[in-house]
Amino acid sequence: MSDAMLYALAGAMLAGCGTYGLLTAGGALGRILGFNILGGGVFLIFGAVARRGAGAGLAADPVPQALVITGIVVAFCATALAVALLLRLKAADGAGEEEP
Amino acid sequence: MSLLLDAVTLLLVSAGVLFFAAGTLGLLRLPDPLTRIHALTKADNVGLALIVLGLLPQAGSVMAGVKMIAVWALAQIASGAVSQVLAEAATLEAQIEATAREKRP
Amino acid sequence: MSGFLTTPPLPISVAPEALLLLAIAAPLALALAMLAPGLRRLVPRLLILAPLPALVAAVAVPRGMSVLVAPYPFRFTLALDGSGALLLGGAALLWMAAGAYACAYMRKDPARGAFATWWALTMAGSFAVFLVADVASFYLAYALVSFSAFGLVTHDDTPEARRAGNLYLALTVLGEAFLIAAFVMLASGTSEANPLIRDAVAALPTSPFRSAIVLLLLAGFTLKMGLFPLHVWMPLAHAVAPVPGSAALSGVVVKAGVIGLLRFLPDGVALPGWGEALTAVGIFTAFYGVALGVTQTHPKRALAYSTVSQMGVVGAVIGAALASGLPGAFPIAAFYAVNHMLLKGAMFLVAGLAMASAPARARQAALIAGVLGLSLAGLPFTGGALAKYAIKIVVPDGIAGFLLTLSAVGSALLMARYAVLVTASGKERQTPPGGILLPALALAALALAVPFALFAPVTGLPLAAAFSGDALAKGVWPVALGLALAGLLAWRRWPLPEVPAGDILHAMGPLAALWRHTLDLAVAADARLRRWPVAATALIALAALLAVVAR
Amino acid sequence: MSALLVLALTVPLLGLVPLLLAGPRVGERAALAVLAIGAGLCVAVGVAVALSGRALQYFVAGLAPPLGIGLRADGFSAAMMGMSALVLALTAFYAMRAPGAGAPRMPPAFFMLLLALASALNLAFLAQDLFTLYVALELLTFAAVPLVCLDGKPGQLRAAMTYLMFALFGSVLYLLGVVLVYGQFGTLDFARLSAALALAPPGWSFGAALALMSAGLMAKAALFPLHLWLPPAHAGAPPAASAVLSAVVIKAPLFLLVRLWADLAPVPMAQAAAPVLAICGAGAILVCGVVALAQVRLKLLIAYSTAAQIGYLGLMFPLAAGADAYWSALAWTGGTLHLVSHAFSKAAMFMAAGLIAEVFGHDRLAGLKGAARVAPLSIAAFGIGGLSLLGLPPSGGFTAKVMLLTSALQQGAWWIGVVVLAGGLLAGGYVLRLLVLALQRPEDGTLPAARECGWRAGIALALAFGAVALGFLPLAPLGFLSIGRPIAWEGLAP
Amino acid sequence: MSLVFDALAGLLVAGAALAAVTAAAPRAAVIAFMGYGVLLGLAWARLAAPDVALTEIAIGSGISGIVLLRAAAGLPAVPPAANRALAAAISVAVALGLAALVLALPEPAPSRAADAAAALPATGLGNPVTGVLLAFRALDTLLEKIVLLLALVGVWALARDPLWRGRPEPLFAGAAPAPSAFLARVLVPIGVLVGAYLLWAGADAPGGAFQSGATLAAMGLLALMAGLAPLPRADDRRLRLVLLAGPFGLLAAGFLGWATAGAFLAFPPGFEKPVIKIVEIAITASIALTLILVVLGPPAGEERP
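Protein chains in written order, with the working numbering: chain A, 1 to 100; chain B, 1 to 105; chain C, 1 to 551; chain D, 1 to 494; chain E, 1 to 305.
If you're looking for bench data, these hints aren't it; they were derived computationally from the structure.
Computed from a predicted model, the values in this text were never measured in an experiment.
There's no promise every hint is true.
To be verified - Okay, derived cross-link-like pairs now, SDA-like style, lysine to any residue, Cα gap no bigger than 20 Å in a straight line:
| hint | chain 1 | residue 1 | chain 2 | residue 2 |
| --- | --- | --- | --- | --- |
| 1 | B | Lys67 | E | Pro76 |
| 2 | C | Lys108 | D | Leu421 |
| 3 | B | Lys67 | E | Ala178 |
| 4 | C | Lys108 | C | Leu39 |
| 5 | B | Lys67 | E | Trp200 |
| 6 | A | Lys90 | E | Pro108 |
| 7 | B | Lys103 | B | Thr91 |
| 8 | A | Lys90 | E | Phe5 |
| 9 | B | Lys42 | B | Gly60 |
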């Protein structure tokens with residue numbers, strides 16, 4: 001059981017937490033957090049895959065790591081857009097809560 | 001020689017960990033925000049200092065040691081300033097809630 | 001076999017192919033001309049001339065001629081065969097007379113532009129339905145005539161018209177679904193993607209989907225013809241439409257169903273079981289139409305039920321031809337249909353004439369109506385008698401033959417009722433506008449005369465045969481019996497309670513309730529599915545399901 | 001020729017510069033010009049593919065996969081690129097301010113988002129790398145979500161929030177699938193993956209990865225039962241935006257779904273999974289079709305119609321993965337034709353609905369009586385577009401319906417035929433509903449004084465006739481769509 | 001021994017995530033989320049991915065944290081959902097399924113490390129991750145810059161003034177608290193120095209445009225929060241030029257590479273390093289500015305006189 005696999009399992013646990021957040025969140029903020037944590041879990045699995053792919057003098061496969069960096073930035077953009085929407089919604093009708 | 005250094009490290013780091021535990025205990029048990037901030041900044045800073053000191057001998061190169069000290073310095077500045085801002089915010093929020101409670105009979 | 005069906009009597013200068021295309025293009029051009037504001041005033045007047053090319057084509061173009069209008073991938077082809085020519089000619093005459101009538105009838109109507117557009121489109125669709133020879137174009141023509149007829153039905157925009165229009169549309173879309181399914185199965189029998197109807201029908205008897213195809217074809221076309229139980233829309237629609245519209249609907253649009261059966265059912269090849277079924281439904285509808293028509297209190301609704309009944313007779317004739325596999329029986333059914341087309345159109349116009357004139361003038365109109373009614377009922381020495389005699393060739397004197405003659409009693413009774421209603425319908429004080437008198441009379445004359453011209457070419461028998469001793473005897477007693485019954489009922493002040501139009505429709509209350517229930521069910525299910533937790537769970541469940549399935 | 005692919009991606013982005021730096025009027029015109037050039041490029045790609053008979057391919061930065069990213073345009077993607085470029089260009093023209101009018105009709109943000117959509121769509125159709133497709137899907141979502149709430153009303157904002165969150169949930173699942181694929185094969189390139197899959201039949205874990213990616217794509221395409229965000233989002237958005245959203249934005253995830261199951265997955269796996277997609281499709285057609293009939297607002301009716309029409313693509317999967325090559329190709333052509341003709345007719349219907357709402361001031365169906373007299377061109381556009389959905393000849397919808405029916409019939413999938421017919425019936429219901437109301441005269445006889453804007457109704461009509469023109473395609477599998485399948489890089493050892 | 005540490009780190013991260021997800025008060029959830037972000041950075045460091053660790057902490061938890069804290073302010077606590085047990089069961093199933101999938105990964109892990117290592121010298125870069133980001137998969141990076149720009153356009157599209165005039169809403173009412181001004185005066189210069197170093201070192205050591213951009217953005221936000229700098233106007237042309245510098249700078253480099261090296265987004269042979277450096281500077285500037293503006297929110301329109 002290499003350390004990469006441990007973090008992959010941690011990633012799976014994060015995905016579980018993220019799914020729980022997405023399923024049970026009443027408001028938009030909970031869902032944003034759930035999405036981020038689920039994304040974090042997926043990226044962690046990708047990091048473990050990269051670590052398992054070490055070789056040719058590199059401690060880890062650089063391609064997944066580059067993809068994860070791009071993914072994190074994209075996930076941040078999504079969070080920022082969602083929060084901007086949430087703030088505007090809060091300003092527009094006073095209560096931040098909404099029913100789907 | 002390295003045996004002595006290891007012993008020093010072990011001693012200092014465990015002391016540091018003790019301080020961190022105290023700080024965390026304070027965070028959980030103390031009643032209001034101000035006391036909690038107090039516990040955190042005091043205990044954790046000392047704990048961090050002890051750990052950094054404990055790890056200095058283990059540091060591979062001088063630069064690594066300087067970096068660790070820089071980290072500690074940064075933590076000091078940050079926690080100092082941030083704790084005051086937090087304190088102000090906490091008192092402000094307490095006042096708002098107090099006035100709000102008076103309005104509601 | 002019959003001259004008229006093979007060689008054209010009149011040599012003409014215009015190339016036959018162009019004439020076929022012009023027959024459809026002329027009314028279409030009129031409909032498009034409505035878009036140009038300049039031409040808008042002209043179009044209502046041109047409506048009378050639009051059917052001219054179709055009439056000339058019906059009379060002059062040699063039978064069996066087919067023209068490929070568009071190249072390979074579409075194979076949009078037109079063709080003229082015996083039945084097609086008969087129906088095309090009759091339709092052209094009816095469209096001209098009704099067009100003239102409409103021109104005068106609509107002079108003061110603000111929405112005459114819209115009416116003219118729907119009129120031209122329905123006319124184009126009706127001519128196309130009789131002419132097209134490939135499956136996809138038939139579906140297009142059938143859709144054109146069905147959907148543009150909606151414009152005629154809902155012209156008056158009264159609440160009843162709207163209800164009738166919605167029902168008509170719903171059943172039309174249902175009919176289209178039946179037909180597209182049947183056509184796809186038919187086309188799959190041939191290698192072509194869009195085969196000629198002739199080739200597709202040739203492959204029908206041996207097709208693995210034969211029973212499904214025939215069932216869907218019958219369902220689709222009898223819905224348009226108005227056979228029981230799919231007739232519910234006809235009494236509602238034909239009654240609310242303006243008089244010329246009703247004439248066109250009852251006369252021509254209904255015949256789209258007839259030509260559909262004639263084109264898509266094999267001529268001369270027996271289809272066991274289906275022929276008898278169609279005959280049975282046809283005969284039942286014939287009696288059913290009469291039974292309900294007699295109770296009506298408005299001449300147009302009585303005529304609508306008469307159409308249901310007569311279409312039942314045509315259905316029975318086609319069914320008999322299918323059962324026996326007698327070749328060449330279809331033109332006779334077409335001949336009977338043309339006779340009905342002209343008579344029914346004339347009756348609607350005469351009824352309209354009566355309704356628009358003073359009681360005195362209405363009584364004179366009732367006389368003409370009576371004559372037309374007798375012809376429809378098959379009184380000897382009338383066009384109707386020729387038609388009734390012609391169908392005797394196809395339906396020999398078995399049970400079906402006897403029942404058909406019995407139905408003549410019913411139609412005589414119904415025609416008497418219609419004549420009585422027409423006499424009572426003259427409510428206006430001033431004389432009717434001149435423009436509607438002439439077309440009504442002209443069409444009445446044509447309706448009585450045309451069968452005489454067509455009888456010999458269609459049946460190949462001399463006219464005398466129809467007027468021989470025993471033919472006269474067989475023809476006269478049903479009409480006499482019918483009139484006697486009518487006299488009896490008239491003496492007892494027509495005690496029959498009026499059955500609301502669309503009869504079994506009101507029995508379909510629970511069906512409408514069922515539909516509302518499904519509507520609510522779907523909306524509730526959709527609302528539940530669109531709650532976030534449910535949708536998120538569905539997403540994960542779907543991922544899991546796909547993972548399990550995709551081994 | 002393969003340079004066209006790079007230009008198709010990058011040219012729309014160039015329009016962002018004038019929009020951000022120059023004033024709104026110059027920006028609008030520049031955006032329209034750039035979108036027109038983009039449309040020209042996409043058509044050029046289609047022509048190049050058709051003439052050469054082979055797919056165009058381009059390795060970005062000169063690096064071949066697996067390290068580099070490849071772009072590839074085969075017949076299927078060229079058709080989709082052409083469709084989306086045309087709809088986007090016409091929508092930009094529809095949303096332009098009237099010549100000489102003072103205030104702009106749509107804010108500059110609309111045109112920026114449209115340009116980003118154009119680039120994202122072309123990328124989704126061209127990219128051969130699964131992660132680049134992930135970034136393309138995200139770009140698409142970030143361009144589409146603000147379109148929904150351009151007017152800033154609370155209802156729109158709520159719809160945009162739900163759309164964004166559910167789309168993000170979907171794209172994370174897609175990304176999870178991509179990660180697992182990379183973990184198993186070490187490459188994300190379509191051609192190399194299908195080559196690797198051809199060598200050794202994949203285990204259950206590849207099936208799970210494909211399932212996760214498909215679920216993510218279905219969430220972003222709002223295929224039933226995941227359609228919670230589509231009706232409020234597409235109905236709430238301004239008309240030009242909802243036209244683009246319904247016509248092209250949801251087509252990219254559907255396109256990728258077809259790519260995954262028809263080009264990547266081995267045939268037995270595709271045949272095993274196809275029934276699930278077909279059942280979702282049937283659910284979409286039936287449930288959303290019936291719910292569309294129950295709507296009281298026009299734009300919600302059209303939005304539910306979109307949710308229903310997507311279902312036809314779901315039905316395509318079992319037919320396209322069938323054993324018989326000819327009938328599978330026919331179903332493939334039918335499905336693609338339906339995608340394209342639905343795009344044209346739906347864009348026309350939403351634009352028409354927008355114009356009608358402008359004239360009447362609202363889009364409650366009950367209050368739209370007499371629309372044919374006040375907005376004849378819009379009603380004509382709505383009607384012609386609607387008839388294509390109904391599947392009446394001559395229209396793309398009819399040809400697609402006949403192809404799907406024939407393929408279903410020949411492959412014995414009876415229930416798919418029945419669902420296609422039922423879909424036609426329901427489509428008849430919700431399309432003819434407005435047409436019937438438009439022909440009726442309002443009870444109180446009062447018609448709004450305003451008249452429809454002629455040239456914008458003309459654009460809607462042009463789109464509707466685009467759907468009709470597709471009806472003249474022959475009822476046989478289109479050779480153009482099978483160019484470049486199965487996917488492989490030329491000049492590269494697999 | 002390190003396995004135990006990794007296992008503990010993994011559990012710690014999962015615990016923090018669970019806290020963030022199950023917290024009732026929104027602010028508590030966001031704070032737990034920020035803690036989770038830092039712990040995740042630790043996990044990335046353990047996975048021999050320093051670049052990713054930097055990005056995760058700087059962007060994933062740092063700036064995301066600020067954004068989420070602003071969102072959490074004033075949100076009422078949300079009552080827990082009714083079907084939590086079912087959701088928990090589903091989540092556990094998802095986690096177990098994923099664990100099974102991860103354990104089923106093939107043993108000789110397929111990897112592109114060899115290809116990357118072989119192709120790296122040609123780009124003149126030392127850091128393989130930067131090599132992949134800027135040389136081998138430059139299209140992804142270009143698109144990611146467009147995504148960033150589009151996120152800003154999306155945020156600004158929510159502004160009430162369609163022409164995007166004026167400054168964003170102030171971060172808080174009243175004057176900035178004194179201690180944060182002190183903190184800003186001390187930290188900002190150091191932060192800028194660290195950002196510059198990250199950018200410069202990125203070619204051969206962990207670092208690069210993203211990480212330095214994020215650090216510079218953090219410093220900018222700190223200065224704004226401390227009131228040391230005025231809120232930027234959205235319609236300031238220079239500001240928009242910097243915004244466009246990143247994406248369109250890379251695009252221009254791509255076309256330049258096309259002209260010189262024959263392939264779009266390739267780099268002129270022999271001049272890879274300088275061109276990449278210039279492009280990286282442009283990218284860093286636009287990332288920093290975009291992140292700041294995205295956090296600040298849409299412009300509030302012309303100041304009412």
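Report task. Measure nothing beyond the straight line between the CA atoms of C:Lys108 and D:Leu421; if it is 20 Å or shorter, mark the hint as holding. Result -> Not satisfied, since the Cα-Cα distance of roughly 43 Å exceeds 20 Å.
Query raised in the report: Has the given pair, C:Lys108 with C:Leu39, been kept, meaning a C-alpha gap of at most 20 Å?
Result: holds, 18 Å
Requested in this report: For the pair supplied as a hint, A:Lys90 and E:Phe5, confirm whether the alpha-carbon distance does not exceed 20 Å.
Outcome: violated, 43 Å
Query raised in the report: Quick one, are B:Lys67 and E:Trp200 close enough, alpha carbons at most 20 Å?
Result: holds, 19 Å
Query raised in the report: Is the straight-line distance between the alpha-carbon of A:Lys90 and that of E:Pro108 20 Å or less?
Result: At roughly 52 Å apart (the allowed maximum being 20 Å), E:Pro108 and A:Lys90 break the hint.
Requested in this report: Assess, step by step, whether the Cα of B:Lys67 is no farther than 20 Å from the Cα of E:Ala178, and give holds or violated.
Outcome: violated, 28 Å
Query raised in the report: Does E:Pro76 lie within 20 Å of B:Lys67 when you go C-alpha to C-alpha?
Result: violated, 42 Å
Query - Straight-line alpha-carbon gap B:Lys42 to B:Gly60, limit 20 Å - result: Violated, at about 29 Å.
Query raised in the report: Straight-line Cα separation of B:Lys103 and B:Thr91 no greater than 20 Å?
Result: It holds: about 19 Å lies between the C-alpha atoms, which stays within 20 Å.
Violation of the numbered hints given earlier is confined to hints 1, 2, 3, 6, 8 and 9; the remaining hints are satisfied by the structure.
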